[in-house]
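Asker: The chain contents come next:
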Amino acid sequence: MKYLLLICLSVIVAFMPSIAKAKSLSLVQSCAELVDIYESRDEKKFLASQRTSLSESFRAGYCRGVLEQHRASNNRHCSSDWYKRAKFIAALRNHEDRFSDSVLLKKSCDEY
Amino acid sequence: MEGIKRFLFVSDWLLSRIVRKLFDFTIHVALLIVGFSTFWISIRLIFEYGEGLSDISRLEWWFCGLSLLLLWRYRRQLDETENSEWPAIRAPLLLAGKLSFILCFIVLFAFSVSVDHESSYVALNTFFVGSDFQLSIMSIVLASLYLSSPEHPTSQRLMESGENKNASAFAGAGQSGSVSDRPTQPEVRSEAKSVAKVHPNGDIEFSESRTV
Numbered sequence: 001m002k003y004l005l006l007i008c009l010s011v012i013v014a015f016m017p018s019i020a021k022a023k024s025l026s027l028v029q030s031c032a033e034l035v036d037i038y039e040s041r042d043e044k045k046f047l048a049s050q051r052t053s054l055s056e057s058f059r060a061g062y063c064r065g066v067l068e069q070h071r072a073s074n075n076r077h078c079s080s081d082w083y084k085r086a087k088f089i090a091a092l093r094n095h096e097d098r099f100s101d102s103v104l105l106k107k108s109c110d111e112y
Numbered sequence: 001m002e003g004i005k006r007f008l009f010v011s012d013w014l015l016s017r018i019v020r021k022l023f024d025f026t027i028h029v030a031l032l033i034v035g036f037s038t039f040w041i042s043i044r045l046i047f048e049y050g051e052g053l054s055d056i057s058r059l060e061w062w063f064c065g066l067s068l069l070l071l072w073r074y075r076r077q078l079d080e081t082e083n084s085e086w087p088a089i090r091a092p093l094l095l096a097g098k099l100s101f102i103l104c105f106i107v108l109f110a111f112s113v114s115v116d117h118e119s120s121y122v123a124l125n126t127f128f129v130g131s132d133f134q135l136s137i138m139s140i141v142l143a144s145l146y147l148s149s150p151e152h153p154t155s156q157r158l159m160e161s162g163e164n165k166n167a168s169a170f171a172g173a174g175q176s177g178s179v180s181d182r183p184t185q186p187e188v189r190s191e192a193k194s195v196a197k198v199h200p201n202g203d204i205e206f207s208e209s210r211t212v
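Going down the list, the protein sequences come from chains V and Z. First residue of the first sequence: 1, per my numbering; consecutive thereafter. First residue of the second sequence: 1, per my numbering; consecutive thereafter.
What the simulated footprint calls covered on chain Z by chain V, stretch by stretch (three residues with Cβ under 8 Å from a Cβ of chain V suffice, anywhere in the stretch; the number is not a length): (1) 53–67; (2) 128–137.
Label-pair restraints from in silico Cβ distances: (3) V/F46 x Z/W61: 14 to 24 Å; (4) V/N74 x Z/L68: 45 to 55 Å; (5) Z/T81 x V/E96: 47 to 57 Å; (6) V/G65 x Z/T81: 49 to 59 Å; (7) V/G65 x Z/S84: 48 to 58 Å; (8) Z/W40 x V/D97: 18 to 28 Å; (9) V/E96 x Z/N83: 41 to 51 Å; (10) V/D81 x Z/V29: 43 to 53 Å; (11) Z/N83 x V/D97: 43 to 53 Å; (12) V/D97 x Z/D12: 52 to 62 Å; (13) Z/E85 x V/K106: 56 to 66 Å; (14) Z/L108 x V/S24: 31 to 41 Å; (15) Z/F25 x V/D110: 46 to 56 Å.
Since the hints were derived computationally from the structure, they do not count as laboratory data. Here the structure is a predicted model, which means the values were calculated and not measured. All C-beta atoms in this analysis are idealised placements derived from N, C-alpha and C, irrespective of residue type, glycine included.
Can you make the complete structure from the sequences, with help from the hints?
Answerer: Next up, the structure:
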């Protein structure tokens, strides 16, 4: 009975992603994940590959992609250091509801 | 007048004891709540996005394995000591609560001594959502599971027999002085001594005796 319960729990945990609803990704949260992986633009944190899960790395990649894309579409007047911009956006975690993604990207561009 | 003085003295004494008990109880409950929260946060941080196995990193797999191993070890130890359920649950929670308080103090102190207050605020803000915080929480959980081992039955028996030996030696010696300086006591002549007898149930009985 105990083992059956364990197997049921494992199955529930394993199939949870397929049950979960599709969610839109938060830019602030994604940039926080990106900053959590990197120490600086060119340096990863200690044991970053061991500490990062699939969903965290997916979000980090989303943030970096959005930053690169935004820079490319804005005549490259933003800083090329995506890490500083990601850190700026991640620091606005408590004010996430006040700004839209485009405003956040523009602000980070103006700042750096 | 003397009666009122006595009443005030006793009531003041009782009040201080009640306040002390309340204070101890509050600290105890606070530690239990913080300890429980630590365990709960450690699970929440693993499944932070609610995406099942995709949420678990390699380090978190190790943490889960080690936690299960330590829980199994703790369970084995409890089986041997025949502890009741509540102290068994309470011990790791209390330890986790204490360790969390220590972590909070260290973090707050580290960020408060920083020169640049604005950047330290941002760093503090990001620390509590970052993987460093998760690593600290996981360490606390593992440490509390490892360190909350109950007293080993053999050492418990040894301690009990040691206490009995001390008690019998203590019963023969004067009330004053520690066990180690008792051999010097017989030199005292014709002096009133209070002799203590320790009963098997742990009660200590003092009686006056005169040695010549």
